[in-house]
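*Asks:* Each chain, written out:
Number of protein chains: 2
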Amino acid sequence: MRYELYYWTGIQGRGEFVRLALEDAGAAYADVAREEGDGIIMPFLRGERPGAQPYAPPFLRAGRQVIAQTANILAFLGPRHGLVPASAASQVYALQLQLTIADVVAEAHDTHHPIATDLYYEDQRPEARKRAASFCKERIPKYLGYFEQVLERNDGRHALGRRHSYVDLSLFQLMAGLDYAFPRTMKGLRRRTTHLRALSERVADRPNIAAYLASPRRVAFNEDGIFRHYPELEPRIFRTRQ
Amino acid sequence: MRYELYYWTGIQGRGEFVRLALEDAGAAYADVAREEGDGIIMPFLRGERPGAQPYAPPFLRAGRQVIAQTANILAFLGPRHGLVPASAASQVYALQLQLTIADVVAEAHDTHHPIATDLYYEDQRPEARKRAASFCKERIPKYLGYFEQVLERNDGRHALGRRHSYVDLSLFQLMAGLDYAFPRTMKGLRRRTTHLRALSERVADRPNIAAYLASPRRVAFNEDGIFRHYPELEPRIFRTRQ
Chain E
289 MRYELYYWTG IQGRGEFVRL ALEDAGAAYA DVAREEGDGI IMPFLRGERP GAQPYAPPFL
349 RAGRQVIAQT ANILAFLGPR HGLVPASAAS QVYALQLQLT IADVVAEAHD THHPIATDLY
409 YEDQRPEARK RAASFCKERI PKYLGYFEQV LERNDGRHAL GRRHSYVDLS LFQLMAGLDY
469 AFPRTMKGLR RRTTHLRALS ERVADRPNIA AYLASPRRVA FNEDGIFRHY PELEPRIFRT
529 RQ
Chain V
289 MRYELYYWTG IQGRGEFVRL ALEDAGAAYA DVAREEGDGI IMPFLRGERP GAQPYAPPFL
349 RAGRQVIAQT ANILAFLGPR HGLVPASAAS QVYALQLQLT IADVVAEAHD THHPIATDLY
409 YEDQRPEARK RAASFCKERI PKYLGYFEQV LERNDGRHAL GRRHSYVDLS LFQLMAGLDY
469 AFPRTMKGLR RRTTHLRALS ERVADRPNIA AYLASPRRVA FNEDGIFRHY PELEPRIFRT
529 RQ
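Line by line, the protein sequences give chains E and V. With the working numbering as the guide, the letters of the first sequence map in order to residues 289 to 530. With the working numbering as the guide, the letters of the second sequence map in order to residues 289 to 530.
Keep in mind that the hints are not guaranteed to be accurate.
Since the list can't tell identical chains apart, any single copy or any two copies may satisfy a pair.
[Stated by the list, open to error] The calculated lysine to aspartate or glutamate pairs, modelled on DMTMM-like cross-linking and capped at a C-alpha distance of 20 Å, are:
(1) 425 x 406
(2) 430 x 336
(3) 418 x 323
(4) 425 x 493
(5) 475 x 336
Since the hints were derived computationally from the structure, they do not count as laboratory data.
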């Protein structure tokens, strides 16, 4: 099956979590909007195409099926490509973890858009500064502390069982995005995120992922995406409780 | 199987979406924190109990399995209690819709906590006013317009196929919460939400749901929950494009 991925061009965004799974699996897929432009996405959002109507990209076309919501797409792809253990209980747990990653990602977005998604960042900068301070001081440590513990309670190397999964891929992407957006904060957390760091390096070294990251298909992080680096947003003095 | 639901006492919150499914299904469950206090939740969050470690409530214990994240719990319960069609494609679509409901719910929360979840509402009131204005003017109409279209593209009465599902229950709860928090906005949208209104009434009339809503187990909406009614947050003049 050749999948069709639909996501806005020019950014990694939420689509990147799906892209990493497809790339890691070596799955055949078209990144449709990159070939045909963002306009191809709109008829789906207006309900003018067969299959489930997405509220927003990313969505995946798999045969006649249209599947939206990042975590849902990954839960669909996981068992088809060996990216999640076979047991039903493991798949439920994988989705739980992925949804918690989605929660951090949504909060990362809101650091630069705390008031309204339809306003520019520049129109909500004072509020963004406050929200980002809270995100860096309270939320990143709490979320990463949780995922670090998840790894530690497991085998120290994987989110699930003794094997690689789409959750590991997403943890890699989460770390990469936070490193880009909030480098001082992430540096301050290095000693408390050793398992996550080691996992990220292992993921980056997987042959298909390494090839993908070196390819032009991996667009760079930038200030149109979800993880944005606005130096003025990161608290200047940041002390973590080590 | 007798389930154990774990959620903070005193509010409906995200736990209510799970509670509605359990009540509608007539499932046997203990609402554990209501019996034993919120303290019972903490050891799970600290990873001191067997099974998956939740990041936050609600979570459900089903035998030895611990399941967190609202949409994930519903995806688990759905097929066990006839609250989702049997086909895999329908279950994927149900989860997609539920995750979009979760997105609105998260945005509803952020109307009163746009800066930091660990600050009081009173400490972020000016920002809350701005975020709530955007939520009422842009986001509620867009999300409800989407769900209205989902119903219309289906049979006009259900989110999925020709039958009741956990997504219908969640749409009822979403409408109830938004009605409580933003009554003027919702009144202004009445003519554009006729299918959602009719669905909500049908859900409220289901025997198990009607009995539940009339019982003391349904705690009232209040200003500790996700859907909060702060009259000062709702834009005073609100015109919808009918």
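*Asks:* Would you mind marking each hint as holding or not holding in the structure?
*Replies:* The hints, checked one at a time:
Taking the shortest alpha-carbon separations for residue 425 and residue 406, only the inter-copy value of 11 Å comes in at or below 20 Å, while the best intra-copy value is 26 Å. Taking identical chains as interchangeable, the C-alpha atoms of residue 430 and residue 336 lie at most 20 Å apart only when they sit on different chains, with a minimum of 17 Å there against 42 Å within one chain. Taking the shortest alpha-carbon separations for residue 418 and residue 323, neither the intra-copy value of 39 Å nor the inter-copy value of 38 Å comes in at or below 20 Å. Within a single copy, residue 425 and residue 493 get their C-alpha atoms no closer than 30 Å, and across copies no closer than 46 Å, so neither meets the 20 Å cut-off.
When the C-alpha separation of residue 475 and residue 336 is checked against a cutoff of 20 Å, the pair qualifies neither within a copy, at 47 Å, nor between copies, at 29 Å.
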